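Residue numbers (our numbering), protein chains in the order written: chain A, 1 to 66; chain R, 67 to 210.
Do not rely on the hints blindly, as some may be mistaken.
Unchecked claim - Restraint ranges, calculated between C-beta atoms of paired labels, are given here:
| id | chain 1 | residue 1 | chain 2 | residue 2 | range |
| --- | --- | --- | --- | --- | --- |
| 1 | A | Q48 | R | D110 | 47 to 55 angstroms |
| 2 | A | A49 | R | E109 | 43 to 51 angstroms |
| 3 | A | L9 | R | L182 | 25 to 33 angstroms |
| 4 | R | E103 | A | V5 | 38 to 46 angstroms |
| 5 | R | E89 | A | L9 | 50 to 58 angstroms |
If you're looking for bench data, these hints aren't it; they were derived computationally from the structure.
Given the structure is predicted, the values throughout are model-derived calculations rather than measurements.
From the three backbone atoms N, C-alpha and C, an ideal C-beta is built for every residue, glycine too.
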Amino acid sequence: MDFSVYGDLIHYPFAGKTADGGWLDGTISADWLNDHFGQYETLDECIQATDSEGLKLFFEHLKTQQ
Amino acid sequence: MAKGVPILGKDPLGKAKYANVTESGDLGVQLSGRIAERLYFAEDVTVTAGSALQLLPYSERLEFRKIAVGFYFYHSVPSEQKYRALVQHRVASVPTPNSEQIVVENIQRGAGIVELEGYIYSVVLQNRSTQDQPVRAIYVWGVR
């Protein structure tokens, strides 16, 4: 996958999580995503490849934009 | 005849101090020392893998000369996990920062401080590892 199609710096609504379960805003870079998840073909594969709750939600969020 | 009106007040230590209002009504007060203001504080936050968690959104803050950021983990984190606090500057409404200043980087706990290069900036905490990371506390101070 090439995450650069979403821009250099992508809005990341799951950048952090508070103790009461609320999500915090931030950004994520396309370069970081390409470095760690660029080898996968689909967003579903990216979801399978991470343990991060926020990243899983983020990839699901990107699926709605495809 | 007096050229102004004296005003009796107290300094921060409670000692009596006089100031003077001029004929034109101006009151001059000389401030000294470092004045800091806490701009952000959060406890028990998990910073998601890969994220730049926004601590302060972009805004024009003319009043501060320096920004200090600290973050403290619950446990020691593996050395391969990379964390850093950044001040990101930008010009007008351009979404991508045109420069970044690293405030503190790759330490288990502690704080850093930078002299600001501009007045339109945001402050973020980056987790450049692939693991979500619980953080005990994060704070940002502005120094006038």
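The hints, checked one at a time:
1. Q48(A) with D110(R): 47 to 55 angstroms: Given a distance of about 29 angstroms, which is not inside 47 to 55 angstroms, the answer is violated.
2. A49(A) with E109(R): 43 to 51 angstroms: violated, 31 angstroms
3. L9(A) with L182(R): 25 to 33 angstroms: violated, 21 angstroms
4. E103(R) with V5(A): 38 to 46 angstroms: holds, 41 angstroms
5. E89(R) with L9(A): 50 to 58 angstroms: holds, 56 angstroms
The structure shown violates the earlier hints numbered 1, 2 and 3.
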